[in-house]
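Undergrad: In order, the protein sequences belong to chains A and B.
Letter by letter, the first sequence follows residues 1 to 477 in the working numbering.
Letter by letter, the second sequence follows residues 1 to 477 in the working numbering.
It is possible that part of the hints are untrue.
Listing some non-contacts, in silico: residues in chain B with all C-beta distances to chain A over 10 angstroms [what the hints assert, rightly or not]:
no. : residue
1   : A48
2   : I84
3   : T202
4   : Q254
5   : E307
6   : P356
7   : C366
Capping the alpha-carbon separation at 30 angstroms, the derived lysine-lysine pairs in BS3-like fashion look like this [said to hold, decoys possible]:
no. : chain 1 : residue 1 : chain 2 : residue 2
8   : B       : K445      : A       : K201
9   : B       : K80       : B       : K198
10  : A       : K89       : A       : K445
11  : A       : K201      : A       : K338
12  : A       : K244      : A       : K37
13  : A       : K244      : A       : K89
14  : A       : K120      : A       : K338
15  : A       : K445      : B       : K201
16  : A       : K80       : A       : K37
17  : A       : K201      : A       : K244
18  : B       : K201      : B       : K120
19  : A       : K244      : B       : K244
20  : B       : K198      : A       : K445
21  : B       : K342      : B       : K89
22  : B       : K120      : A       : K198
Selected chain A positions facing chain B (Cβ under 10 angstroms, derived; list incomplete) [claimed, not checked]:
no. : residue
23  : Q237
24  : C366
25  : D411
26  : S454
Rather than coming from a laboratory, the hints here were simulated on the basis of the structure.
Even for Gly, the Cβ is constructed at its ideal location relative to N, Cα and C.
2 protein chains.
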Amino acid sequence: MLARSLASFTRASRRCFSTEGPFEHRAVSAEVIAELKALYGDRVSTAASVREHHGTDESYHTPSPPDVVVYADSTEEVSKILQIASASKTPVIPFGAGSSLEGHISALHGGISLDLTNMKSVISVEQENMSCRVQCGVTRLQLESELRATGLFFPVDPGADATLGGMVATNASGTTTVRYGNMKSNVLGLTAVMADGKIIKTGSKARKSSAGYDLTRLFIGSEGTLAVVTEVELRLQGVPEAQKIAVCSFPTIQDAVDTCTVIMQMGIPVARMEFMDHKAIEATNSYSKLNNIVSPCLVIEMNGTPEEIEHHTATVQALAEEYSVQRMSWAATEEDRKELLKARHSAWYATMNLVPGSRALSTDVCVPISNLTQVIVDTQADLEASNLVGTIVGHVGDGNFHVMLPFLPEDEPAVRAFSDRLVERALAADGTCTGEHGIGSGKIKYLRMEHGDSVDVMRTIKQALDPHNILNPSKLF
Amino acid sequence: MLARSLASFTRASRRCFSTEGPFEHRAVSAEVIAELKALYGDRVSTAASVREHHGTDESYHTPSPPDVVVYADSTEEVSKILQIASASKTPVIPFGAGSSLEGHISALHGGISLDLTNMKSVISVEQENMSCRVQCGVTRLQLESELRATGLFFPVDPGADATLGGMVATNASGTTTVRYGNMKSNVLGLTAVMADGKIIKTGSKARKSSAGYDLTRLFIGSEGTLAVVTEVELRLQGVPEAQKIAVCSFPTIQDAVDTCTVIMQMGIPVARMEFMDHKAIEATNSYSKLNNIVSPCLVIEMNGTPEEIEHHTATVQALAEEYSVQRMSWAATEEDRKELLKARHSAWYATMNLVPGSRALSTDVCVPISNLTQVIVDTQADLEASNLVGTIVGHVGDGNFHVMLPFLPEDEPAVRAFSDRLVERALAADGTCTGEHGIGSGKIKYLRMEHGDSVDVMRTIKQALDPHNILNPSKLF
Chain A
1 MLARSLASFT RASRRCFSTE GPFEHRAVSA EVIAELKALY GDRVSTAASV REHHGTDESY
61 HTPSPPDVVV YADSTEEVSK ILQIASASKT PVIPFGAGSS LEGHISALHG GISLDLTNMK
121 SVISVEQENM SCRVQCGVTR LQLESELRAT GLFFPVDPGA DATLGGMVAT NASGTTTVRY
181 GNMKSNVLGL TAVMADGKII KTGSKARKSS AGYDLTRLFI GSEGTLAVVT EVELRLQGVP
241 EAQKIAVCSF PTIQDAVDTC TVIMQMGIPV ARMEFMDHKA IEATNSYSKL NNIVSPCLVI
301 EMNGTPEEIE HHTATVQALA EEYSVQRMSW AATEEDRKEL LKARHSAWYA TMNLVPGSRA
361 LSTDVCVPIS NLTQVIVDTQ ADLEASNLVG TIVGHVGDGN FHVMLPFLPE DEPAVRAFSD
421 RLVERALAAD GTCTGEHGIG SGKIKYLRME HGDSVDVMRT IKQALDPHNI LNPSKLF
Chain B
1 MLARSLASFT RASRRCFSTE GPFEHRAVSA EVIAELKALY GDRVSTAASV REHHGTDESY
61 HTPSPPDVVV YADSTEEVSK ILQIASASKT PVIPFGAGSS LEGHISALHG GISLDLTNMK
121 SVISVEQENM SCRVQCGVTR LQLESELRAT GLFFPVDPGA DATLGGMVAT NASGTTTVRY
181 GNMKSNVLGL TAVMADGKII KTGSKARKSS AGYDLTRLFI GSEGTLAVVT EVELRLQGVP
241 EAQKIAVCSF PTIQDAVDTC TVIMQMGIPV ARMEFMDHKA IEATNSYSKL NNIVSPCLVI
301 EMNGTPEEIE HHTATVQALA EEYSVQRMSW AATEEDRKEL LKARHSAWYA TMNLVPGSRA
361 LSTDVCVPIS NLTQVIVDTQ ADLEASNLVG TIVGHVGDGN FHVMLPFLPE DEPAVRAFSD
421 RLVERALAAD GTCTGEHGIG SGKIKYLRME HGDSVDVMRT IKQALDPHNI LNPSKLF
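For reference, chain A alone in the conformation it holds in the complex (with noise of 0.2 angstroms):
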C-alpha cells in the first residue's frame, strides 16, 4: 500500500517545474519513509491533501509538493528526521506558517517536508533582560497574546501570522522597523541544526559580544539553507506609554515620499512610516468601507510619552504642511486607531481583489532614502504605461516599498517584465532588490545582478555546511 501510493505521487511530481526549472526528482525512497513512520507514526504523511498544503505558499509560484510531510516535536526529533535525510542524501524542506512570498517552501526536488509547527512553546520570558525563549514553530500573534500580561512586546511584524522560525528565515521586517529594527536587530541567539543533525547553539542573552563568527546573523536570512532553526532568543521592548496615529494625505506622491525623507533626515523618532499610493487607498476605501482621501498618503505612528509624542506632532505637522498636506486624520481613540491602521494591513487582499481570480505578485525593493522618491515616482510611471493593475504600499521609513501586482495568466510576463525594471531601477540606485522578502526560488536572478561575485562565496558556505545539498535546495542559488 505505501509501494502503492508512493510510486503515484512519484509520478505525479516526477516533473515539476518552477521559475527556474526543470528540476531533478531526488524522491524519499520508501526504506525512509518506513524508518520515519516507524519512529513518528502518524506524524508522517504522505496524502495528497497534506502534501499539496506543504507546497503552497501565498506567493503567485508554481506549487511543488514534497513526497513527505512529517512534523517534529523537539530539536532531538529534528536532529534525527536530518541524519536520516544526510545519509540517503534527502531533500528537507521546513515549513512554519507557509506565508511566504518567494517559493521558499516548494519542494522543488521533492523531499521531505519538514513541519515544525507543533513546536510552539514559548520556552521562557525573562521580563527583567527583556528577552524571551521561543520555539520556532511559535507564530506572531500568539506570542503577541502570551505577551500581553508582561508590559513587554516583540516588535517585528510582517503582517502575516508567520511563525518565528520562518521570520528568522527570511530576516522578516514591517511596519515598526524604522523604529525597533529587523529580526537581525531583535534575535540574540539561535538553536540550530546542522545538516548532518549536529545540534548548536548560537548567540547568547547578551546584548552583544564579539566571540567568532555571528552564525547568528548568518542563519537569520539564510531562508532554511544552511540549518534548522528551532529556537529563538528574542529581545523584546517596553510597550510605550502612548502612541498616536495619523493619516496624511498629500497631493502627489512626490510631495508625501518627500515629507517622509525629510522628517527620517531629521531623526524623529517615529514608530511607523508608511506609504500608500492612491490605487492602494481606493482599493482599501471598497475592501475595507474606509472614507480615506484617495490620494498618496503616509501612515505616521509616533510612540513614547504623551510629552515626547505631542513635540514630535508639532514638528510632523509643521513638516508636512510645508509638503502642501492637504488633511492629517489623527487618531483620537484606541479604536480610530485601529480604522486607520486598517487601510495598511487590508491592502494586500484589497489589492487581489480588484482583479478576480488572479494571483499576485509582490515586489520588494529597498533603496537608499535619499533616491527613495525618484525611484518610486519612476516605478508609478512605469506602472501606469505599463498598463497593469497594481498598487504602491511600503515601509518607506526604511526606504522599502512593494508593488502588489495582482495578474491573469495572460499577464505573467508583463508582469514579470515590470518586476524586472524595477529591480533594476533599485539597484541602479544603490538599493537591493529584497528588503525582506528574500530570495526563495523566485529571484534567484536578482541576487546575482546585485551580489556578482559575492553569490559565490554564499555557495561556498552552502557547500561546507551543507554538503550533500539536502536543505531547502534550489533556494538562493
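Dock chain B against the given chain A, drawing on the hints supplied.
TA: What follows is chain B alone, placed relative to chain A:
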C-alpha cells in the same frame, strides 16, 4: 643583503611563543619578498623596528613580529598581495592602528603584516542618505573631523583612535552603543578581498536587505580571518540638538548598577551609561587631577531636544534618588561636560599608572542586564579577595564591563586565574566572554567554553573560505 637580513630575522622569530604557543614558523620566502619589493618598492620593509611595531598591540600579550611589512595603497594591491600569499601559502595579518587587545595583530607564524594605514580616504559622504563610504585605514577621529561640517556623526567610539577596518574586524562598540548600537548595527556594506585575492562587495546603501547570506555581518567580528576588509559603508546619525551629562555617585556598587538596570528596563533612551567603581574614581582623580567623590558612580548622558532631555533627566534623577544617590553633578557647560567625561576616558591609563612598569589585562565580559548587578558585585568581591590591583569600568547599559588589571610579571598567573573565574561567572550568567574586544589569540579557550560545538561550524566556514589558512592564522581557533 636581502638574503642575510632575512636569515637573521627568521632565526630571531623562529620560535615565537604566545598564549597557546609554540607555533610553527611559516617564514616568508626570499622569492615572495623579492616579488613584493619589485611591485611595491620601499613600501615593503623587513627592518626590525618596523616588524617589531607591527607585531605589538596594546595588550599584555607577548609581541610576535611578522617577517615583512607591506603598505598597501588600494584594494587592487591588497588583492595582488593576497594572490601572492595564497600561491605561496604565506600568512597575512591585516594591520590598522594596532590598538586591539587580544593579540590580534601578532604574527604567531611569521608572515606578512599587511599595513592598511595608507588607505585613509573618506570616499564619499551622502548627507541625504546619512551614510558615507571610507577606506579601511580611516581612523575614528579622522572621520569625526571630516564629518564635522555635515551635522552628522559616526556613533561607534571604542575609546582608542582605531581604524574603521580594525573596528569592523573586532565588531567594536563603546560608550554610545547603548543608544546607537555596535558596528553590526552601523555598517551597511563592505568591500572585502578574499584569501585568493577575489574582490567582492557586500551589502548596499539600503537600510535593510534580505538578499542572501549576510556576509557583511559574517565579516564584522571575524578578526581578519575570513577576508581583508578594504572599504566600509557606514550609517551616520544626526548630531543631537542638545546633550546633558551627569556623574552620579552611589554608596555601593549594588545601588549604582541597580539604578542602571532599572533605567534600561524603563527604556529611557540614554546616550551613555557608564559605570566606574571607587578604585577607578580614585585612580582617575589622581591621574587627571579630578575631584569626583570616591565611590561607585554612573556617568549618564542624555541627548535629543532640550524638552526631551529635561523630561528624561527628571525621571533619571527620581530613580537615582530611590537608590540613595549621594551626588549628581550635572555639567552646566560644554567644558564641564568634557571634564566629566575625562574620568571615564582616562581610566585605562590612570589604571596602568597604579602599578609603574606594568603590563595590563582588560577583561571584557557582557551579561544579561538582569544578572549584571550580581556579576559585578561578585567580581568586585573576587578582586578584593585576590589582592590584585584593578579597577572596574564599563558600558553597563549594555551589560558590558571591564576589569583593568595592571600587573608585574610575577602576578601574571593570579591575573589569568582571576580572568578565568570572571569568564566562568559571566557564562554561568548567560553572558559572553567578550562584549567588544574579540577573541584574538588570548581568548581561544573561552570561545570553546562559550560556544561548544558551534566553534566547529565556525571552523568549517574558515576552512572553506581560506583553505590554506593564510588569513591571520591561529586567531579565534
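Undergrad: All hints are to be evaluated individually against the structure, with a verdict given for each.
TA: To see whether the hints hold, each was checked on the structure:
1. A48: holds (32 angstroms)
2. I84: Holds: least Cβ distance 20 angstroms, greater than 10 angstroms.
3. T202: Since the minimum Cβ distance to chain A is about 6 angstroms, B/T202 lies within 10 angstroms and the statement is violated.
4. Q254: holds (15 angstroms)
5. E307: violated (5 angstroms)
6. P356: The claim stands: B/P356 keeps its Cβ more than 10 angstroms from every Cβ of chain A (closest is about 31 angstroms).
7. C366: Nearest chain A Cβ is 4 angstroms from B/C366, so the label is violated.
8. B/K445 / A/K201: holds (17 angstroms)
9. B/K80 / B/K198: Status holds; Cα separation ~9 angstroms.
10. A/K89 / A/K445: holds (26 angstroms)
11. A/K201 / A/K338: violated (39 angstroms)
12. A/K244 / A/K37: violated (53 angstroms)
13. A/K244 / A/K89: violated (54 angstroms)
14. A/K120 / A/K338: Holds, at roughly 28 angstroms.
15. A/K445 / B/K201: holds (17 angstroms)
16. A/K80 / A/K37: holds (13 angstroms)
17. A/K201 / A/K244: Violated, at about 40 angstroms.
18. B/K201 / B/K120: holds (19 angstroms)
19. A/K244 / B/K244: Given pair A/K244, B/K244 holds - Cα atoms ~28 angstroms apart, limit 30 angstroms.
20. B/K198 / A/K445: Within the cut-off at roughly 21 angstroms; holds.
21. B/K342 / B/K89: Distance ~46 angstroms between B/K342 and B/K89 Cα, so the pair is violated.
22. B/K120 / A/K198: violated (44 angstroms)
23. Q237: holds (7 angstroms)
24. C366: holds (4 angstroms)
25. D411: Result: violated, 26 angstroms to nearest chain B Cβ.
26. S454: Hint on A/S454: holds, closest Cβ of chain B at ~4 angstroms, below 10 angstroms.
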